[in-house]
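Colleague: Residue strings, one per chain:
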Amino acid sequence: GAVVSQHPSWVICKSGTSVKIECRSLDFQATTMFWYRQFPKQSLMLMATSNEGSKATYEQGVEKDKFLINHASLTLSTLTVTSAHPEDSSFYICSASSGAGNEQFFGPGTRLTVL
Amino acid sequence: DAKTTQPNSMESNEEEPVHLPCNHSTISGTDYIHWYRQLPSQGPEYVIHGLTSNVNNRMASLAIAEDRKSSTLILHRATLRDAAVYYCILNSGGYQKVTFGTGTKLQVIP
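One line per chain: the protein sequences are A and B, in this order. Every number in the working numbering is 443 more than the matching position in the first sequence, counting from 1. Every number in the working numbering is 6 more than the matching position in the second sequence, counting from 1.
Treat the hints with care, as some may be off.
As the list claims (entries may be wrong) - Subject to a maximum C-alpha distance of 30 Å in a straight line, what follows is the list of computed DSSO-like cross-link-like pairs (lysine-lysine):
| no. | chain 1 | residue 1 | chain 2 | residue 2 |
| --- | --- | --- | --- | --- |
| 1 | A | 509 | A | 484 |
| 2 | B | 103 | A | 498 |
| 3 | A | 507 | B | 75 |
| 4 | A | 463 | A | 498 |
| 5 | B | 9 | B | 75 |
| 6 | B | 75 | A | 509 |
| 7 | B | 103 | A | 463 |
| 8 | A | 509 | A | 463 |
| 9 | A | 507 | B | 103 |
| 10 | A | 498 | B | 9 |
| 11 | B | 111 | A | 484 |
| 12 | A | 457 | A | 507 |
| 13 | B | 75 | B | 103 |
| 14 | A | 484 | B | 75 |
| 15 | A | 509 | A | 498 |
| 16 | A | 509 | B | 103 |
| 17 | B | 103 | A | 484 |
Don't read these hints as lab results, they were simulated from the structure.
All chains should be built: construct the whole structure from the sequences, respecting the hints.
Modeller: What follows is the structure, given as structure tokens:
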């Protein structure tokens with residue numbers, strides 16, 4: 444199946460700093476990618492839909508100025524957590540669809556810890 | 007988004023079959039039924055999907071009710087590596103956003 448990668452796999456940062464997470468579709472082009480956040484023992488919560496060449500669509504309650512999404516190419520979307528705080532510590536997961544089928548392919552996730 | 011309902015947890019003995027149920031009474035005609043599973047600290051892994059007919063692949067089988075308001079994921083012989091949270095979600099297209107429910111945590115007993 445199609446492969447989606449994320450980088451970094453984990454990151455620890457100080458409060459107030461910004462962190463960028465990359466999501467890449469390795470063997471297919473993805474005009475649409477999705478960003479999720481998952482807190483311990485909870486399900487995945489959709490944060491935003493990332494569209495290549497246009498602005499992301501954020502879910503209700505997600506601050507677009509805090510979680511900056513850029514989808515500059517058909518294989519790369521980035522999520523930047525700006526001025527991170529301890530409550531932003533979470534597992535961030537992206538997914539993408541090749542469009543050829545119906546399934547979404549998920550990245551391995553990025554563990555963010557804000558001290 | 008159409009919602010799905012799954013039991014919070016299930017147990018199975020190793021090498022026994024497992025039937026994981028999912029209710030989706032508000033499913034629309036264009037919704038595909040997808041199953042993913044998630045191991046701890048990993049992203050979800052695609053398992054299987056279907057529309058109306060039952061489906062089989064190397065990982066599992068998917069049995070879809072005739073009225074499509076429910077489905078069952080079947081693992082024919084559970085192994086310890088199958089211990090995970092299994093999510094049943096509805097998706098009307100690869101570019102459409104999906105909503106994850108709470109999923110079913112499957113515990114496999116040796």
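Colleague: Are the hints correct? Go through all of them and say.
Modeller: Cross-check of the supplied hints:
1. 509(A) - 484(A): holds (24 Å)
2. 103(B) - 498(A): holds (16 Å)
3. 507(A) - 75(B): Roughly 36 Å separates the two Cα atoms, so the pair is violated.
4. 463(A) - 498(A): Distance ~17 Å between residue 463(A) and residue 498(A) Cα, so the pair holds.
5. 9(B) - 75(B): Since the Cα atoms of residue 9(B) and residue 75(B) sit roughly 11 Å apart, the hinted pair holds (cutoff 30 Å).
6. 75(B) - 509(A): violated (39 Å)
7. 103(B) - 463(A): holds (23 Å)
8. 509(A) - 463(A): holds (12 Å)
9. 507(A) - 103(B): Given pair residue 507(A), residue 103(B) holds - Cα atoms ~17 Å apart, limit 30 Å.
10. 498(A) - 9(B): holds (27 Å)
11. 111(B) - 484(A): holds (10 Å)
12. 457(A) - 507(A): Roughly 21 Å between the alpha carbons, so the hint for residue 457(A) and residue 507(A) holds.
13. 75(B) - 103(B): holds (20 Å)
14. 484(A) - 75(B): holds (27 Å)
15. 509(A) - 498(A): holds (14 Å)
16. 509(A) - 103(B): holds (21 Å)
17. 103(B) - 484(A): Within the cut-off at roughly 22 Å; holds.
Checked against the numbered hints given earlier, this structure breaks hints 3 and 6; the rest are met.
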